[in-house]
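**Student:** Sequence:
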Amino acid sequence: MAALLATLLVLGVQGSLGKTYQDGDKVTLYVNKVGPYFNPHETYNYYELPLCRPEKVEFASLTLGEVLHGDRMAVSTYDMKFKATIESAELCKLTLKEDELDQLKEAIEDLYYFEFVVDELPIRGFIGHLDEGGFLPHKHKVSLWTHHHFNLEYNGNQIISANVTTRGHDPLSLDEVEAPLELTFTYSVSWKETTEKYETRGQRLRDSSFFPKTLEIHWLSIINSMVLVFLLIGFVVIILMRVLKNDFARYNTEEEDSEDLDQDDNGWKIIHTDVFRFPPHKSIFCAILGVGSQFLALATGIIVMALMGMFNVHKHGAMNSAAILLYALTSCVSGYVSGNMFRKLGGHNWVWNIILVSCIYTVPFFLMWSVANSVAWYLGSTQALPYTTVILLILIWLLVGFPLTVIGGIFGKNMADSFDAPCRTKNIPREIPPVPWYRSAPAHMLIGGFLPFSAISVELYYIFATMWGREQYTLYGILFIVFVILLSVTGCISVALTYFQLSSEDYRWWWRSIFSAGSTGVFIFLYALFYYYKRSNMSGTLQTVEFFGYTILICYAFFLSLGTVSFFASLKFIRYIYVNLKMD
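Residue numbering for the sequence shown follows the working numbering, beginning at 1 and increasing consecutively.
To be clear, the hints were calculated from the coordinates, so they are not data collected in a lab. Just so it is clear, CB atoms sit at the ideal spot from N, CA and C, and this is done for glycine as well. Hints are supplied without guarantee of correctness; some may be wrong.
[Unchecked claim] Derived pair list, reagent style DSS-like, types lysine-lysine, alpha-carbon separation capped at 27 Å: (1) K192 with K26; (2) K93 with K141; (3) K93 with K81; (4) K534 with K245; (5) K413 with K282; (6) K26 with K83; (7) K93 with K105; (8) K83 with K197; (9) K282 with K572; (10) K19 with K282; (11) K344 with K282; (12) K344 with K413; (13) K344 with K426; (14) K572 with K344; (15) K19 with K83; (16) K19 with K141.
[Said to hold, decoys possible] Label-pair distances were calculated between CB atoms; the ranges are: (17) D175 with I394: 44 to 52 Å; (18) D420 with N349: 21 to 29 Å; (19) K81 with F530: 47 to 55 Å; (20) M226 with I391: 42 to 50 Å.
Go ahead and model the full structure; you've got the sequences and the hints to work with.
**Tutor:** Following this line, the structure appears as structure tokens:
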């Protein structure tokens with residue numbers, strides 16, 4: 001873990017220092033990818049389009065995060081030098097065949113954009129121009145941009161910003177042309193000195209206007225959510241404390257009539273000989289707790305590292321790399337928690353438990369990724385991972401993740417004490433009386449899932465805009481606050497729902513505590529449907545498969561994480577009330 005943090009810190013420091021140039025030094029421009037404007041995750045190699053390309057394509061060395069991000073940077077034929085202005089220069093001459101001309105027209109009609117990279121700064125623009133509209137007559141004009149002008153700003157010997165424009169040059173119409181078509185591509189470069197410091201150029205990058213802006217400072221909405229959440233938590237705590245105080249006073253009075261124990265609102269003492277009866281399917285139960293604890297540790301680690309400034313906004317996919325490595329390193333957490341709880345619950349086949357912990361999330365993830373990657377590979381998208389990256393990820397899991405899971409499981413098993421329940425459990429379980437619909441499991445799942453979802457619903461839009469858009473999410477302070485609010489609401493709601501369940505003389509709280517709060521994942525998926533169809537313009541097979549495939553995995557991770565929080569909060573609460581109860 002220390003080595004990982006040191007490596008990320010070094011990368012962050014290197015990114016903050018930046019590359020320096022001398023007058024006349026070559027400035028390399030990389031072509032990266034192209035794709036439909038409204039499908040952020042449907043990207044293709046730039047050189048798949050019939051555009052200017054060198055005789056031998058030289059690809060840049062990419063990090064793991066950049067490859068996962070879909071980057072495929074290659075050296076371009078643009079000849080740029082630091083501070084050297086170019087009025088007009090020829091890039092190349094092309095003769096397009098009929099199929100190449102049709103390919104270019106189709107790309108322009110699909111609103112294909114391109115992405116270049118200069119000094120780790122992304123430069124984006126459209127391949128061509130589509131002018132469409134009108135009813136009678138209908139207008140449909142397709143044009144190609146054959147000239148690009150690059151504006152670069154510098155401070156001292158460092159590049160501060162870069163962008164591309166076609167202003168001042170008309171596009172070439174492709175409507176009434178026939179193959180073979182001869183084209184001449186040109187470019188120009190201008191340099192401008194600025195007083196902006198290199199350390200603040202990330203703000204300029206985030207303020208780029210090429211893509212629609214959706215991330216804004218939304219403190220008012222967050223404060224509103226915080227007030228509502230604090231009121232909710234305060235209400236739950238105050239009500240529960242008053243009710244419990246009355247319950248303790250009644251149950252601990254020796255002169256109390258035994259018939260009072262049959263009241264629904266006081267039924268939790270009656271089931272004291274069943275409330276700690278271990279749940280069925282212990283191995284799966286403990287595996288869920290283990291992997292849920294791992295995701296909680298992973299999320300905490302990512303947020304803390306982001307708050308410490310370890311993720312450079314110019315480093316594509318830096319957070320992806322950190323997430324992969326942290327997931328492997330935190331595997332010991334899942335093994336420890338699962339092994340420890342499995343032994344406490346009287347489990348014996350701990351080897352099967354460790355295997356289950358290792359597979360309960362990785363196997364669904366691998367299956368879903370295989371489908372998405374196969375579709376991307378079939379369509380030739382850069383979202384399809386190279387076989388070398390796939391082998392690397394498998395080796396990380398086999399050599400780091402799985403061994404740490406086993407080691408954590410061994411430590412957890414050996415360090416486990418007895419469950420130490422405050423009450424003895426009878427051999428014969430008590431009969432559970434029927435309950436009204438509002439105290440049933442579906443009702444608890446509805447309440448336990450909706451309230452945590454409502455606590456993060458405001459921030460969820462911005463998170464989706466980052467994950468399924470091209471936004472640079474940098475509001476990590478707000479994200480940390482929302483994360484704390486989510487855990488707090490989940491804990492409080494789970495305690496309240498568990499109390500109501502026990503008051504109904506239903507002692508089967510183990511699994512219900514997981515599903516009550518874990519159902520938040522269902523609400524997140526429903527929101528994902530709303531976002532896809534009402535808040536985005538995404539379409540196409542690849543984008544749809546990736547969106548819903550990975551969204552399902554994210555919702556599953558929420559189920560595991562919040563279910564774990566709910567269980568441990570309920571367990572702590574139940575221990576508290578039964579420890580403070582006088583038994584005959």
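**Student:** Please verify whether K413 and K282 have alpha carbons no more than 27 Å apart.
**Tutor:** holds (14 Å)
**Student:** Given the hint that K192 pairs with K26, does the C-alpha gap stay at or below 27 Å?
**Tutor:** holds (17 Å)
**Student:** I want to verify a distance hint. Is the separation of the beta carbons of D175 and I394 within 44 to 52 Å?
**Tutor:** Check passed, 50 Å falls within 44 to 52 Å.
**Student:** Does the alpha-carbon distance linking K344 and K282 stay inside the 27 Å limit?
**Tutor:** With a Cα-Cα distance of about 10 Å, the restraint between K344 and K282 holds, given a limit of 27 Å.
**Student:** Take the C-alpha atoms of K83 and K197, compute the straight-line distance between them, and say whether it is at most 27 Å.
**Tutor:** holds (17 Å)
**Student:** Given the hinted pair K344 and K426, is their Cα-Cα distance within 27 Å?
**Tutor:** Between K344 and K426 the Cα gap is close to 18 Å, so the pair holds against 27 Å.
**Student:** Verify the proposed pairing of K93 with K105, using a straight-line Cα cut of 27 Å.
**Tutor:** holds (18 Å)
**Student:** A range of 42 to 50 Å was offered for this pair. Does it hold for the Cβ distance of M226 and I391?
**Tutor:** holds (46 Å)
**Student:** Taking only the CA atoms, is the gap from K282 to K572 under or equal to 27 Å?
**Tutor:** holds (19 Å)
**Student:** Compare the distance between the alpha carbons of K344 and K413 with 27 Å, and conclude whether the hinted pair is satisfied.
**Tutor:** holds (8 Å)
**Student:** Is K572 close enough to K344, meaning Cα to Cα at most 27 Å?
**Tutor:** holds (15 Å)
**Student:** Sort out whether K83 lies within 27 Å of K19, counting only the CA atoms.
**Tutor:** It holds: about 15 Å lies between the C-alpha atoms, which stays within 27 Å.
Of the hints listed earlier, those the structure fails to meet are numbers 4, 10 and 16, in rising order.
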